Amino acid sequence: MAEKKIEKVSIVISKGSLEGVYPGLIMANGARMEGIEANLFFTFFGLEAIMKKRMKKLKVATVGNPAMHIPSLLGIIPGMSAFATSQMKKEMEKLDIPPVDEFIEMIHDAGANIYACKATVDMFHLSMDDFCEQTDAIINVGKFYEVAAGGEIIFT
Amino acid sequence: MATKTYAGKTVEVDDEGFLKNMDDWNEDIAKEIAGEIGLGELTEMHWKVINFMRNDFKEKGQIPTIRRMKNAGGVPTKDLYDLFPGGPAKKAALVAGLGKPQGCV
Chain A
1 MAEKKIEKVS IVISKGSLEG VYPGLIMANG ARMEGIEANL FFTFFGLEAI
51 MKKRMKKLKV ATVGNPAMHI PSLLGIIPGM SAFATSQMKK EMEKLDIPPV
101 DEFIEMIHDA GANIYACKAT VDMFHLSMDD FCEQTDAIIN VGKFYEVAAG
151 GEIIFT
Chain B
1 MATKTYAGKT VEVDDEGFLK NMDDWNEDIA KEIAGEIGLG ELTEMHWKVI
51 NFMRNDFKEK GQIPTIRRMK NAGGVPTKDL YDLFPGGPAK KAALVAGLGK
101 PQGCV
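Same order as they appear, the protein sequences are chains A and B. For what it's worth, this note's numbering labels the leading residue of the first sequence as 1, then goes sequentially. For what it's worth, this note's numbering labels the leading residue of the second sequence as 1, then goes sequentially.
In case anyone wonders, no lab produced these hints; they're calculated from the structure. Small disclaimer: the values here were computed from a predicted structure and weren't measured. Each hint should be verified, as a subset may be incorrect.
With a straight-line Cα cutoff of 30 Å, these simulated BS3-like cross-link-like pairs (lysine-lysine) come out [stated by the list, open to error]:
# : chain 1 : residue 1 : chain 2 : residue 2
1 : A       : Lys5      : B       : Lys58
2 : B       : Lys58     : A       : Lys90
3 : B       : Lys4      : B       : Lys31
All chains should be modelled from the sequences, with the hints used to inform the complete structure.
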């Protein structure tokens with residue numbers, strides 16, 4: 001029973017927290033590692049992952065996340081998110097998972113395309129200048145479906 | 001146990017063709033595996049990757065990630081994808097006589 005191999009994926013990253021961004025990055029990178037064509041489409045707060053001024057500063061959300069096992073009341077203490085973020089980054093470094101900016105560069109060098117969502121760009125009054133150099137284009141949803149044609153779409 | 005014969009030497013391999021024992025490996029075997037998976041003639045750059053991977057594995061006990069090959073091995077990610085198209089980490093490990101990489105990055 002030879003299943004048909006996945007040949008192409010387009011991954012939407014819509015969240016701007018560290019834990020919201022990494023799964024999509026790992027999946028895109030992993031796709032390229034397997035020879036699968038990959039597109040990354042950043043929308044809403046996910047755009048922070050490709051914004052020059054923000055991409056190095058993404059943080060883990062410590063409030064409203066039961067799996068953190070921190071009561072939300074403690075999660076709001078100043079420094080809690082920074083602490084959780086630095087702990088998670090340390091663990092990721094052990095696994096050789098790169099920081100966001102280096103990861104984006106690697107994924108782009110691996111041949112994946114990186115797109116910013118036009119609606120969000122307009123809403124937040126952004127322009128190409130706000131994005132890292134790996135950003136290929138700002139595209140609307142219609143264009144996204146065009147570039148995603150023939151592949152799987154994954155929303156994160 | 002599956003075996004394969006490369007360059008006149010019979011070696012144990014897993015079901016995906018990765019050498020079971022890295023010490024069975026030699027450069028002629030690497031050349032034959034490269035031919036088998038369509039890489040063609042191995043260039044100096046291929047050898048740089050292969051040698052780095054083998055040395056790093058001996059030192060660290062782990063197959064280096066693509067990031068490590070870039071940062072510690074001096075192999076730009078773009079080049080690695082050009083040298084081993086369609087799955088650089090796996091194909092490079094296969095040619096280098098190492099096991100299948102198990103990490104996610």
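So, going through the hints one by one against the coordinates:
1. A threshold of 30 Å between alpha carbons decides the hint, and for Lys5 (chain A) with Lys58 (chain B) the separation of about 34 Å lies outside it, so the pair is violated.
2. Between the alpha carbons of Lys58 (chain B) and Lys90 (chain A) the distance comes to roughly 25 Å, so the proposed pair stays at or under 30 Å and holds.
3. Between Lys4 (chain B) and Lys31 (chain B) the alpha-carbon distance is near 14 Å, which keeps this suggested pair within the 30 Å criterion.
In summary, the one numbered hint that this structure violates is 1.
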